[in-house]
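Visitor: Residue strings, one per chain:
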Amino acid sequence: MQSDDDSPQADGQSLLRVAGARRTFLTPEGSAVRALDGVDLNIRPNEFLTLLGPSGCGKTTLLRAIAGFEDLDGGRLELEGRSLEDVPPHRRPFNTVFQSYALFPHLDARDNVGYGLDAARVPRAERERRVDEALALVGLSELGRRRPRQLSGGQQQRVALARALVNRPRLLLLDEPLSALDRGLRQAMQIELKNLQHTVGITFVVVTHDQEEALTMSDRIAVMRAGRILQLGPPGRIYDTPADRFVARFVGDSNVHAGRVAAVSARGALITLDEGFELHAEGTGFAPGEAVDAMLRPERLMLAREPGAGPALQAVVERVVFVGADVQVHLRLPGGAALRALHRHLPGAEPPPNVGGQAFIRYEPAAVHLMRSAP
Amino acid sequence: MSRRGAPLDWALGAWGIAFLAVLYLPIALVLAYSFNRNVVNMMVWEGFTLDWYRSIFGLATRLAEDASYVHSTEGLVHAARNSVVVALAATAVSTVVGTATALAMARHRFRLRPLYQALLVMPMVMPDIVLGVALLVFFVGAGMTLGLGTIVMGHCVFLASYVFVVVSARLAGMGADLEEASADLGAGPWTTFRRVTLPQVAPGVAGGALLAFIISMDDLVITYFIAGVESTTLPVFIYGMLRRGMKPEINAIAMLLLAFSFVIAATGLWLRARRR
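Sequences listed follow chains P and R, in order.
All residue numbers for the first sequence refer to our numbering, where the first residue is 1 and numbers rise by one.
All residue numbers for the second sequence refer to our numbering, where the first residue is 1 and numbers rise by one.
Hints listed in this document are in silico derivations from the structure and should not be mistaken for laboratory results.
Worth double-checking, as some hints may not be accurate.
Residues on chain P that point at chain R, a partial pick, calculated with CB under 10 Å [to be verified]:
hint	residue
1	Gly-68
2	Phe-94
3	Gln-99
4	Phe-277
Glycine is no exception: its CB is placed at the ideal position from the N, C-alpha and C atoms.
Work the whole structure out from these sequences, hints included.
Guide: Take a look at the structure:
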């Protein structure tokens, strides 16, 4: 298993290092917004890294700072140890796929793709060959003579991708690359982007607010909020062991409840939740009396008519929502706490409990994830 | 179509026709007069003639000696040539200045920007007489001889504003993202300007230049103040003719000017259409 420590010192391999990046914007009303509030990040060669967060979290500012379109107020950017401070965007070996694609409307697809090669004064024959290759890579060989407005959204997106990749950048920056596509195409492109990254062997840094997209494509995800990176790691780890309640709620569906560690034993910990119920967790380094947030993923809750051998909570079924492969069951504990559970919808399986009826929520202590209490 | 809406529709239609009539009837009359043979009263139709046009170009006419006042076509041709020279020079300078200013204002943030913007638009709203007097006072005070040079300078003062406004309007619809994309792909500032910015603003620049050309050709008041004795432009020349009495030739000259403006405007539209 590869190391995915957050600290820049932890691993030697680094393509681009972001250290202590700060950027403050002034709003028109005159108040200051910290778009980047001390960001440290180590981008590794050939990885697919996603910057994930809600709008305004600073992810796009970070991407633009790497591309060179935003200056930092503080901190450093280093490409393989060399500072990028005085390097203007057109001298950085990075290419960007813009959210709006920013294709040149007066040039056809071939000339859009060849633009960077022209700027680099690549000889004619090589330029033509590389443009052909890039268009073939994204499956648009037949449409090279079309202007952007004669292409569909998905085709424009591919031209933008080919235009960036043809220059063989050290780093490919993608700003919400799939947000303008409809759902079906977006899901196909997620897989395709991942495959493409594998084929060309270029480091991808993708900005997105779509957690599903991040989980599907990434080697590592950096979850951002309010100008900071809250957690950095592979998708599985982000999903299973989020750093705090914000990450837990932003990535995937979750039940998060605030509480306190009541007791710790060799077999695990007992947590008393503020909403008046108890959870059994595996011992995870918290001391008795410490404030924690406990997370339970809905798919790890099992509904039954009887309590089983393990821990269980008694609840009332408030609502049953059909969401396709699963049935989402909304439950209410006697103390007022609301929980959601997922009930797999399979032929022959036990039908979901009736609305208004009683149910027992069974769980394994290993499914209870404890996090530092967040304000 | 409902019955109740019918009278309103009728009234609106009538209003539209009346509006167009007020707008274009005088011009249609001038067109008719320019072909009227009546020497004494051009408002009474006496028969078709091309004599007024022939007279302008110094061709043989059947008119009495005192019927026309272009005694020699020399003065008219000279004035027309002056106008074209002034318009071309002033258009060239003001298009470059106006476009560069619009780009700077659209792409950069700096202190007192709104103030600069107001100052740039000011020459358009300033009364022509004020601008004319101010330019005259300035040129005389600076010890310059009034002539084509001062007219070109004077025209640039307000034409640059028109170009600025037209190009700014074009830029307002364009984000900086295409220029960022160009820089991102490794193009330096000059390449970006040549290959991305200029092709994008070209329709605005062409529109601004045509507007500047027509306004320069047309300007009377400001030019009247800053023209020297030997540097009469066409509008100033025509105005001088009018003071010696309204004679039918003026109609023919007006029609030729109108035709010229149509050609300019049509060229502009054709160029825009061709870009699509």
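Visitor: Indicate, hint by hint, whether the structure satisfies it.
Guide: Now for the hints, and whether the structure bears them out:
Taking 10 Å as the C-beta contact cut-off toward chain R, the hint placing P:Gly-68 at the interface holds, the least distance being around 8 Å. This hint holds: P:Phe-94 has a C-beta 7 Å from the nearest C-beta of chain R, less than the 10 Å allowed. Because the smallest distance between the Cβ of P:Gln-99 and any Cβ of chain R comes to about 9 Å, under 10 Å, the interface hint for this residue holds. Because the smallest distance between the Cβ of P:Phe-277 and any Cβ of chain R comes to about 52 Å, over 10 Å, the interface hint for this residue is violated.
The earlier numbered hint that this structure contradicts is number 4, and it is the only one.
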